[in-house]
Amino acid sequence: MAGTNPRAARIAALIQRVIAQTVEHQLHDKRLAGVTITDVRVTGDLQIARVYWTQLADAGKEQGERKRAQQALRQATGKLRSLVGSKAGLRLTPKLQFIYDEVPSEAHEIEDILTVARKRDEEIEKSRQNAQYAGEQDPYEHPRVRTAEDFEPQYESVDGDDADYGDEWSRAQAAGSDDDDARGVERMNGAAGASTDDAGDARPAAYDASAQTGFSSLG
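For the sequence shown, the residue numbers in the numbering used here are 1 to 219.
Just to be clear, a hint being listed does not mean it is correct.
Claimed, not checked - Only pairs whose alpha carbons sit at most 30 Å apart, straight line, appear in this in silico DSSO-like list of lysine-lysine: (1) Lys87 with Lys61; (2) Lys79 with Lys67; (3) Lys30 with Lys67; (4) Lys67 with Lys95; (5) Lys30 with Lys119; (6) Lys95 with Lys30; (7) Lys79 with Lys95; (8) Lys61 with Lys119; (9) Lys30 with Lys61; (10) Lys67 with Lys87; (11) Lys126 with Lys95.
To be verified - Label pairs and their in silico Cβ distance ranges: (12) Pro6 with Ile124: 16 to 26 Å; (13) Thr77 with Arg118: 17 to 27 Å; (14) Val103 with Ala9: 42 to 52 Å; (15) Ala33 with Ala9: 23 to 33 Å; (16) Ala59 with His28: 22 to 32 Å.
Simulated from the structure, these hints should not be mistaken for lab results. Just so it is clear, CB atoms sit at the ideal spot from N, CA and C, and this is done for glycine as well.
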């Protein structure tokens, strides 16, 4: 990132482009294999240009390869500064300082960690999909889906009560019929008794009348 000076920002961008192309295509130094120029910052007085670089090295050999690359850049500083001055058309070329950029390495390590985490998540997901339940297929209870029948009014079954009530009703009707029959017999018996009594009472009266008539004729 360049400073706030617009001219310094333009010079920094120019220096970064020239050095990157030179390292990749002109130096032909094996020690610079995998080297990338990440940023250039020029001071406000245009006296110093700090060149940040990183390197993609083999695992386990980062420290050794970094030292060799740092040495190669230091040895090529004069040549690189001359190329910058000639290609940029600068009257005064800034002094070059090469600084190893730790940020890309840390970002690369973080990316490796995230990659491992993603692979682990994928393995866990595959294991979960292939897993089988020890007991039932799904030992957890799930809420039952309500249907339209759940919203219809529910009535308790009274079949047993209706049967008992019907039996009681039949017995009551039978008892009522027996009572009616008994009362009918009583009424008939009462009427017959009354007729007998009336007839008995009538015979003595007629007899008395006949007797009196006979006695009268005799006299």
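How the hints compare with the structure:
no.: 1; hint: Lys87 with Lys61; result: violated (35 Å)
no.: 2; hint: Lys79 with Lys67; result: holds (20 Å)
no.: 3; hint: Lys30 with Lys67; result: holds (13 Å)
no.: 4; hint: Lys67 with Lys95; result: holds (21 Å)
no.: 5; hint: Lys30 with Lys119; result: violated (35 Å)
no.: 6; hint: Lys95 with Lys30; result: holds (25 Å)
no.: 7; hint: Lys79 with Lys95; result: holds (12 Å)
no.: 8; hint: Lys61 with Lys119; result: holds (25 Å)
no.: 9; hint: Lys30 with Lys61; result: holds (15 Å)
no.: 10; hint: Lys67 with Lys87; result: holds (29 Å)
no.: 11; hint: Lys126 with Lys95; result: violated (57 Å)
no.: 12; hint: Pro6 with Ile124: 16 to 26 Å; result: violated (53 Å)
no.: 13; hint: Thr77 with Arg118: 17 to 27 Å; result: violated (42 Å)
no.: 14; hint: Val103 with Ala9: 42 to 52 Å; result: violated (20 Å)
no.: 15; hint: Ala33 with Ala9: 23 to 33 Å; result: holds (30 Å)
no.: 16; hint: Ala59 with His28: 22 to 32 Å; result: holds (25 Å)
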